[in-house]
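Novice: Heads up: the sequence shown at position 216 corresponds to 216 in the numbering used here, and the numbers run straight through without jumps.
Just to be clear, a hint being listed does not mean it is correct.
Computed list of lysine-lysine pairs in DSSO-like fashion (alpha-carbon distance at most 30 Å, straight line) [as the list claims (entries may be wrong)]: (1) Lys273 <-> Lys298; (2) Lys60 <-> Lys78; (3) Lys327 <-> Lys353; (4) Lys298 <-> Lys353; (5) Lys327 <-> Lys352; (6) Lys298 <-> Lys352; (7) Lys327 <-> Lys298.
Source of the hints: derived by calculation from the structure; they are not laboratory data.
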Amino acid sequence: MTLRENIIEIISDALTADETILPNDILDANNNIIFAASELASRATDLFLEEDDDYAEQVKSFLDGLPPQLPLASIFPKAVNLPIFLDLANLIDLDALDDPAPAEINQLNISEVTDLEAFAHDDRRIQLYIYERPNHLTESFAFIDLTQSSPVTAHTVPRVMTACATLLVGQHAGDMSGRRWIISSMNDGARRQSYVKYHLLLNGYRLTNAIIAPGSTALVGIAETLTTVNEYSQFSEPFEILGEINGRTTVLDTILSSYHVLENYMIRAQIAKVANGNVGTFFGIRHFKQMELAVEKKELDHLTQLFRTSWDIVIGGLTLADFVDTKFTGLFQRVDFLEQPFQEFMRRLTVKKRNEVLHVNNAGELRTALPRIIYQVRCSIVHNKETEFHLSNRELLNPVVLMTLTDLCLPCMQRLAFGLPAAQAPNPLRYDRPALQLY
């Protein structure tokens with residue numbers, strides 16, 4: 001049979017009432033519906049005509065219009081996937097309709113997949129992705145996402161695999177709507193899913209949508225502290241990195257850019273300390289060696305020292321310590337905050353060891369923990385050797401994880417990153433030798 005003949009047969013079977021399911025009196029009372037379906041079935045060839053009347057939409061309207069007392073599966077059980085089938089059939093190249101139905105179709109199976117979705121760069125959900133390796137249908141597959149109510153569409157689809165997917169959907173007995181499916185030759189679910197994921201990634205898609213960072217109020221009051229008396233030219237490099245923060249839109253990207261600034265500051269503070277500690281007129285190799293030694297500590301130690309030095313610094317009319325305290329309090333007082341997931345997040349970050357907790361009513365303990373929280377969040381995003389926990393957009397679907405980043409980490413990081421150059425003396429980043437262009 002040709003592909004056209006297969007499609008017509010599937011439509012005809014789907015729109016033929018199964019008179020063995022319902023009692024005769026119900027069938028007799030709905031003869032008009034049975035006849036209307038039969039008339040639509042006789043017009044199945046209209047699917048391939050380029051006319052004003054859209055045959056597929058007429059069939060969908062008919063099925064949607066069935067009375068509540070006459071469920072689709074009770075009279076047209078083979079039509080449960082007909083709308084999806086018609087969408088796919090409409091994607092087939094008209095020139096291919098007279099080709100034989102693909103013989104390779106018997107190598108393929110259709111299976112549901114639950115832990116897989118794909119998104120384009122514009123956050124659009126990918127409803128249909130078909131990969132076809134020419135002359136190797138066993139390496140090909142179709143991914144169909146039916147979780148949305150909109151029709152299944154695609155700009156371009158491969159010829160043979162699209163035909164196979166269409167016929168398999170049309171022949172599938174169970175209702176496929178509202179779920180995701182893979183059509184492939186692979187029987188093992190885990191291997192099949194990872195194979196499809198890899199192809200989706202290679203085609204430029206994301207497996208999770210990026211979580212957009214909220215607007216920040218962390219910079220309130222800083223602009224009013226700037227004066228023309230102060231010199232800000234020492235911060236030309238940090239200003240460039242601060243500009244990168246303003247260019248980020250997602251939570252994870254904004255955190256990483258904010259951390260880049262703090263990374264600059266934590267080293268800069270150590271160098272400035274050496275420069276300011278040598279007040280003589282001569283600045284030589286010995287002093288540069290002191291700088292080298294000053295930055296040898298571990299990164300977490302440097303970040304902790306930066307916060308410790310900055311706690312009492314006034315930024316935008318509020319000390320950093322007071323600002324951080326308000327952010328912790330605001331997080332814990334949210335109506336949707338749950339302490340158990342928060343404590344589990346702290347343990348997964350290795351901020352706390354197993355069976356330990358971060359005491360949410362102890363301001364001193366919270367301040368001490370903040371640099372480590374920020375550092376471990378950064379490590380978990382880049383997934384370095386410090387932790388096996390990987391913080392991705394999928395993890396941000398946990399509301400407590402997300403609010404910890406957006407209500408606590410980001411505001412505190414940005415307050416310090418944007419505010420420290422404006423701080424009055426003693427400012428750990430400023431140095432008294434303008435001739436030196438320090439990091």
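Novice: The structure should be examined with respect to each hint, and the outcome stated for every one.
Specialist: Now for the hints, and whether the structure bears them out:
1. Distance check on the hinted pair: Lys273 and Lys298 sit about 17 Å apart at the alpha-carbon level, within 30 Å; holds.
2. Distance check on the hinted pair: Lys60 and Lys78 sit about 14 Å apart at the alpha-carbon level, within 30 Å; holds.
3. A C-alpha spacing of about 23 Å is found between Lys327 and Lys353, which places the hinted pair at or below 30 Å, so the restraint holds.
4. At most 30 Å may separate the alpha-carbon atoms for a hinted pair to count; Lys298 and Lys353 meet this at roughly 20 Å.
5. Note on Lys327 and Lys352: the hinted pairing holds, with a Cα-Cα distance of about 20 Å set against a maximum of 30 Å.
6. With a C-alpha separation of about 19 Å, the suggested pairing of Lys298 with Lys352 holds against the 30 Å cut-off.
7. A C-alpha spacing of about 27 Å is found between Lys327 and Lys298, which places the hinted pair at or below 30 Å, so the restraint holds.
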